[in-house]
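**Q** Now for the letters of each chain:
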Amino acid sequence: MHIVVCIKQVPDSTDMRIDPKTNNLIREGVPSVTNPPDLHATEEALKIKEKFGGIVSVVTMGPLQAESSLREILAMGADYAYHVSDRALAGSDTLATSYTLWMAIKKICEIHGPFTFIFFGRQAIDGETGQTGLGVAARFGIPIITYTYSIDEINLEKGYVIATRKVYDGKEIVKATIPTAFSIIEEANKPRIPSIKDIIKAYKAKVIKWNKDDLKLEPDKIGLRGSPTFVKKVFPPPLRKKGQIFDGRGKEKEAVVWLIDNLLKINAFGEKIAEKYEEVKPLPIAFDKTKQFGEVWSYVEHRYGKANPVSWELLGESRRLSRLLNVKCATVVIGYKVEHLIEESASYGADKIYYIDDKIYEDYRTEPYSYALTELCLKYKPDILLMPGTQNGRDLAGYAATLISTGLVADVTQLDIDPTTGILLATRPDYGGNEMSTIICPKHKPQMCTIRPKVFKIPPKIQNNNYEIIKEDIKVPEEKIHTELLKFIPREKIRLEEANVIVSVGKGFGSPKNLYLAKEFAKIINAEIGTTRAVVYSGWLPKEAQIGQTGLTVRPRLYFAIGISGAIQHVVGMQGSDIIVAINIDPEAPIFNVADFGIIGDLFKILPLLTEELKNRIKTL
Amino acid sequence: MTEKFDVIIVGAGPAGISAAITTARAKLNTLVIERGNIPGEKNVFGGVIFRHAFEKLIQDFVKVAPLERKVIEYQYWLLTDNSCIKLIYRDSNFKDKPSGYTALRAKFDAWYAKMAEEAGAMIITRTSALKPIIKDRQVIGVETDRGEVYANIVIAADGVNSLMAKHAGLYRRRKPNQVALGVKEVIELHRTKIEEIFQLGMDEGVACLIFGGPLKGMTGGGFLYTNRDSLSLGFGALLIDIANKGKRPNKILEEFKKHPSIHPYIKDGVLKEYSAHLIPEGGYDAIPQLYTNGMLVAGDAAMFVNALEYRGTDYAVESGICAGKTAIYAHKVKDFSANTLKYYRKLLENSFVLRDLKKFRRIPHIIEKNKALFDTYPEMLRDILRIWHTVDGELGEVKIKKIQREIFSKRNPLMLIKDVVELIRGVIF
Numbered sequence: 001m002h003i004v005v006c007i008k009q010v011p012d013s014t015d016m017r018i019d020p021k022t023n024n025l026i027r028e029g030v031p032s033v034t035n036p037p038d039l040h041a042t043e044e045a046l047k048i049k050e051k052f053g054g055i056v057s058v059v060t061m062g063p064l065q066a067e068s069s070l071r072e073i074l075a076m077g078a079d080y081a082y083h084v085s086d087r088a089l090a091g092s093d094t095l096a097t098s099y100t101l102w103m104a105i106k107k108i109c110e111i112h113g114p115f116t117f118i119f120f121g122r123q124a125i126d127g128e129t130g131q132t133g134l135g136v137a138a139r140f141g142i143p144i145i146t147y148t149y150s151i152d153e154i155n156l157e158k159g160y161v162i163a164t165r166k167v168y169d170g171k172e173i174v175k176a177t178i179p180t181a182f183s184i185i186e187e188a189n190k191p192r193i194p195s196i197k198d199i200i201k202a203y204k205a206k207v208i209k210w211n212k213d214d215l216k217l218e219p220d221k222i223g224l225r226g227s228p229t230f231v232k233k234v235f236p237p238p239l240r241k242k243g244q245i246f247d248g249r250g251k252e253k254e255a256v257v258w259l260i261d262n263l264l265k266i267n268a269f270g271e272k273i274a275e276k277y278e279e280v281k282p283l284p285i286a287f288d289k290t291k292q293f294g295e296v297w298s299y300v301e302h303r304y305g306k307a308n309p310v311s312w313e314l315l316g317e318s319r320r321l322s323r324l325l326n327v328k329c330a331t332v333v334i335g336y337k338v339e340h341l342i343e344e345s346a347s348y349g350a351d352k353i354y355y356i357d358d359k360i361y362e363d364y365r366t367e368p369y370s371y372a373l374t375e376l377c378l379k380y381k382p383d384i385l386l387m388p389g390t391q392n393g394r395d396l397a398g399y400a401a402t403l404i405s406t407g408l409v410a411d412v413t414q415l416d417i418d419p420t421t422g423i424l425l426a427t428r429p430d431y432g433g434n435e436m437s438t439i440i441c442p443k444h445k446p447q448m449c450t451i452r453p454k455v456f457k458i459p460p461k462i463q464n465n466n467y468e469i470i471k472e473d474i475k476v477p478e479e480k481i482h483t484e485l486l487k488f489i490p491r492e493k494i495r496l497e498e499a500n501v502i503v504s505v506g507k508g509f510g511s512p513k514n515l516y517l518a519k520e521f522a523k524i525i526n527a528e529i530g531t532t533r534a535v536v537y538s539g540w541l542p543k544e545a546q547i548g549q550t551g552l553t554v555r556p557r558l559y560f561a562i563g564i565s566g567a568i569q570h571v572v573g574m575q576g577s578d579i580i581v582a583i584n585i586d587p588e589a590p591i592f593n594v595a596d597f598g599i600i601g602d603l604f605k606i607l608p609l610l611t612e613e614l615k616n617r618i619k620t621l
Numbered sequence: 001m002t003e004k005f006d007v008i009i010v011g012a013g014p015a016g017i018s019a020a021i022t023t024a025r026a027k028l029n030t031l032v033i034e035r036g037n038i039p040g041e042k043n044v045f046g047g048v049i050f051r052h053a054f055e056k057l058i059q060d061f062v063k064v065a066p067l068e069r070k071v072i073e074y075q076y077w078l079l080t081d082n083s084c085i086k087l088i089y090r091d092s093n094f095k096d097k098p099s100g101y102t103a104l105r106a107k108f109d110a111w112y113a114k115m116a117e118e119a120g121a122m123i124i125t126r127t128s129a130l131k132p133i134i135k136d137r138q139v140i141g142v143e144t145d146r147g148e149v150y151a152n153i154v155i156a157a158d159g160v161n162s163l164m165a166k167h168a169g170l171y172r173r174r175k176p177n178q179v180a181l182g183v184k185e186v187i188e189l190h191r192t193k194i195e196e197i198f199q200l201g202m203d204e205g206v207a208c209l210i211f212g213g214p215l216k217g218m219t220g221g222g223f224l225y226t227n228r229d230s231l232s233l234g235f236g237a238l239l240i241d242i243a244n245k246g247k248r249p250n251k252i253l254e255e256f257k258k259h260p261s262i263h264p265y266i267k268d269g270v271l272k273e274y275s276a277h278l279i280p281e282g283g284y285d286a287i288p289q290l291y292t293n294g295m296l297v298a299g300d301a302a303m304f305v306n307a308l309e310y311r312g313t314d315y316a317v318e319s320g321i322c323a324g325k326t327a328i329y330a331h332k333v334k335d336f337s338a339n340t341l342k343y344y345r346k347l348l349e350n351s352f353v354l355r356d357l358k359k360f361r362r363i364p365h366i367i368e369k370n371k372a373l374f375d376t377y378p379e380m381l382r383d384i385l386r387i388w389h390t391v392d393g394e395l396g397e398v399k400i401k402k403i404q405r406e407i408f409s410k411r412n413p414l415m416l417i418k419d420v421v422e423l424i425r426g427v428i429f
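Listed in order, the protein sequences are those of chains E and X. If you use the working numbering, the first sequence closes out at 621, no skipped numbers anywhere. If you use the working numbering, the second sequence closes out at 429, no skipped numbers anywhere.
What the hints contain is simulated information worked out from the structure, not anything from laboratory work. Hints may be right or wrong, so weigh each one.
Straight-line C-alpha distance at most 30 Å; calculated DSSO-like pairs for lysine-lysine [unchecked claim]:
#1 E:190 / X:42
#2 E:201 / X:27
#3 E:507 / X:4
#4 E:289 / E:445
#5 E:206 / X:4
#6 E:204 / X:27
#7 E:190 / E:206
Everything numeric in this text was worked out from a predicted model, so none of it was measured.
Start from the sequences and build out the full structure, keeping to the hints where you can.
**A** Written out as structure tokens, the structure is:
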């Protein structure tokens, strides 16, 4: 048993501050830590080592100071540490990094024997791509189980492993051949805290250092040169517009009516659906004869034929971008017996649909889907490929981008075309949204992105009679596929992160007995209940409902913060909501600084009135 | 396999690191345990670093250490609600031979700790020492939140709230009139602005000691120091006085910042850091037992702060060196009992640490008994100066009489004389 754990040292982004004057992130003096998800990956590896025996090697690619993180992992119980460090590696994006780690792991295996497993953390808290593990697995041609919650069975003789992964719509129980790669989610375990003895031992242990020559790295595959993507610019996030606050003390009914009027005016309770298609004029550069722009594609994610609405959010953007470049927009549909998705794509505005239908694609699996997508891209050479930023979307994108050898930008929230070059400008939040960066992929095609769900609007349906279907018969023999979906367990109820409307309750409710007021309100508007850490600590609601720095990050259309003071640790978990409504008796409560609409008043008076008033309005709607 | 060290030092502040450098250089197996993420993270001072102590350990200290500005000017401010009397002392002597430099602890301590690592000491961070491990009345190790480690000698350099010294029975509690609460802000201001306001060259700095005003009625003083591109502003006052004042320290700091004499300096600045810490104030009479079988106490843990001179860091360094030397001696004679470790006290008694604290031991008592010094006198001086400088045609003799009345109404002649005598006794004898 030989497990390789890949780790990264990152700035402690949970501790980052914003310069109040420039709104820019303060980078200096920020301490470095071992990427917290990697500690969970390490813990999982150590648990397996304790059960089966064997060794754990840890490897990182990073500057000299990253050595302290390797020692931290040694202190936890890893046996050997390898540090790949070289100036030439600076500026590496995920493609270049996965190349480097792949070469390093090959060399580690020359020393310690072939690996059984490679473990990664879910994603790094600075880059937040989650792509490097997929890239490494793709290069080795091994299966990878991403978003692993538990490793349920390891059978070394028969050479397989069974694991459970958590995705947005439920749990997948997957069987894969060994050797296997995993990315482990934080829920999987609680990392052990090394004793002082372990730390002392690790302090003195030997860490092997390798530079680019030790690994014989090809210069055009590493560092900036080897990175298809790079950051074009970095800027602070847009400041939230100041909200409107109504002092409802003594005039509760008036406040409630004011609020509901305002919310209905902006369709706060509805899905984010665009009202009409905005016709977009092509950019001048689209007519530049020296440039040949390919099509703009978007991927349709589905579960056994039921499309994930995020696919249409992508299609809307894809269509807009295609018009800017004066090219066609297409969707990619891969599945089994999913013909209906062709027409659905067309109804949301696709000009073309690339369609692959075969039994091997019945369940989503990384390898067949990646091979199919790769072949399509290599054959038809699209300019841009938009992928959903869901677990499986990122899984597929990361693996395929490596096979295609192109750039992939993760978790994009804004797309534009550079008018001078025609290149895609992909903007995404860094460090939990404290900073925005715009990334480009100027020399590789397709320019790939995973798009954050629920940011873009679902386009309106249109009458589309003018679409083309390209059916491709791409098959992958089962022998080449190393995974099998044993079981899919759909989630029982909607996850808070997926909710459209959230009613969040704070300590202002005074006691758990009063929460019924919020629950009644939530029922009327079809909302999920969320809460703060203080409430969870008091035992009023379970941890699953906790929103904030140490809980969930949510981005619903509408967020009600009731009886919540708005401490920064809570706000960072919900400030991405489209519309924030605050109800609090304290006019100085910081929550009013992030609210779009606020009522100063007694929630015990306001909430019942709000519920009553909404009940009446919904009747009349 | 229990790892055993020759010396374990608790706390990677100036005292602990100085001890570590001393013992590591003598090839003793040295471990430093620090509870912060990095050394310096948990440390706060005004403040000014006096180079003499560090130069014993580090050659070219002023060249290699991350210091802010060399202090070439001292200002003493006496504030009342609406006035300010300043005594400004600048001496070009300090341009070539500065005694002190302003510094920022997070930066400085992190660098200083590296010196200990270079000397061969092992520093483990993010680990809290909870109490000493005592067997047969001998300290043989440290219990941390991550397990136990053992050593021949433990040096407690864990600050004013030393758990190590307390659990070893070296002191019971610090009295609230023996410690001060210090509150501080670092306010960013462009370097050229600082140099303009204070008339300074690029690496020159000013140390302002501030009394009265919002600090009225409390035994304590405020400070304003110039760093490279920030100002360190704050105050320290006896814990018992802050408690009695009934105002929260941050409220007092707000008033302090708003004072018409202080506000103009910081109004264009940006708050970068806010911190607070307890400061030993009790002087010689507040010092705990400094050693016991297997353990020594250094730095703030030993209450080694000379409040009169706003000096704590160089005392910490010197005591750390003495502790280190004692540990080396104990290893030479292979005895770690109190009988050998009393050598520590001997070293301290021969150094400025105990000699100065002893010399000025009455000051904390005098000042505490005479809070008038902090409000009566500033007001008296202001009134005298005000009478004198109000030129409205009033007769000179009238003015002089007024001044006399002013002095004696606030403080009768006997008390005045007593104040002066006490002060002289405290400082000179």
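**Q** If a hint holds in the structure, say so; if it doesn't, say that too.
**A** How the hints compare with the structure:
For the hint linking residue 190 of chain E to residue 42 of chain X, the alpha-carbon distance of about 27 Å falls within 30 Å, and the restraint holds. A threshold of 30 Å between alpha carbons decides the hint, and for residue 201 of chain E with residue 27 of chain X the separation of about 19 Å falls inside it, so the pair holds. For the proposed pair residue 507 of chain E and residue 4 of chain X, the alpha carbon gap of about 49 Å is over 30 Å, so the pair is violated. A C-alpha spacing of about 19 Å is found between residue 289 of chain E and residue 445 of chain E, which places the hinted pair at or below 30 Å, so the restraint holds.
Distance restraint check for residue 206 of chain E and residue 4 of chain X: the Cα-Cα separation of roughly 20 Å lies within the 30 Å cut-off, and the hinted pair is therefore satisfied. Note on residue 204 of chain E and residue 27 of chain X: the hinted pairing holds, with a Cα-Cα distance of about 16 Å set against a maximum of 30 Å. Note on residue 190 of chain E and residue 206 of chain E: the hinted pairing holds, with a Cα-Cα distance of about 27 Å set against a maximum of 30 Å.
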